[in-house]
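Per UniProt numbering: the sequence shown = residues 1 to 180.
For the record, the hints were derived by calculation from the structure and aren't laboratory data. These numbers come from a predicted model, not from an experiment. Possibly wrong hints are sitting among the right ones.
[Claimed, not checked] What follows is a list of derived Cβ distance ranges for each label pair:
{"hint": "1", "residue 1": "A87", "residue 2": "T30", "range": "17 to 27 Å"}
{"hint": "2", "residue 1": "H12", "residue 2": "D165", "range": "39 to 49 Å"}
{"hint": "3", "residue 1": "A16", "residue 2": "V178", "range": "41 to 51 Å"}
{"hint": "4", "residue 1": "G119", "residue 2": "G175", "range": "15 to 25 Å"}
{"hint": "5", "residue 1": "C95", "residue 2": "H12", "range": "37 to 47 Å"}
All C-beta atoms in this analysis are idealised placements derived from N, C-alpha and C, irrespective of residue type, glycine included.
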Amino acid sequence: MPFHSPLSPPLHDRRAQILALLADGRQPLTGGELSARLGVSRQVIVQDMAILRAEGHDIVATPRGYLMPEANGPRGRRAVLACRHDASRVEEELCVMVDHGLMVVDVIVEHAFYGELRGNLMLCSRVDVGRFMARMSERRAQFLSALTGGVHLHTVEHADQAAFDQAVAELGRRGLLVTP
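Construct all of the structure, not just a fragment, from the sequences and the given hints.
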């Protein structure tokens, strides 16, 4: 039976509160932060997220917490960049992108058995990149690109075409893009 404090809001009110908090869009919220605010366990929040997603709400779980992409405002255009490098250059690659104003939405690899594997990132700044890298290191996790010899895709969003073009040129100069 899920933990439910007498002070926590009723089920439907709690889910409405979760949506309202995420729609605020200032920053992602972790399951722990949501559970503390709403007086329920983290597992209840995980279950609520699953139900809200099943109802069609666009909620993304990222390394920084839950967010609703539309709450962060329109970012302009989307593009997919094909990259290739070893693990020692991941931070460099991500910093080039965010330094040029790109939001790194995800990373995608094509696995021989499972097909497309995608990890949500939602990185917008060097602070985000630093936190992501620290978590990967703390958990001794491997990057998805380790499955594909360093080849991977990034979906990015950008509001400024010139800045996007500069980011692509810089990634190319540094040898981080897949070249024909």
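Structure-based check of each hint:
1. A87 with T30: 17 to 27 Å: With a Cβ separation near 25 Å, A87 and T30 satisfy 17 to 27 Å, so the hint holds.
2. H12 with D165: 39 to 49 Å: holds (47 Å)
3. A16 with V178: 41 to 51 Å: holds (45 Å)
4. G119 with G175: 15 to 25 Å: Holds - the Cβ-Cβ distance for G119 and G175, about 23 Å, lies within 15 to 25 Å.
5. C95 with H12: 37 to 47 Å: holds (43 Å)
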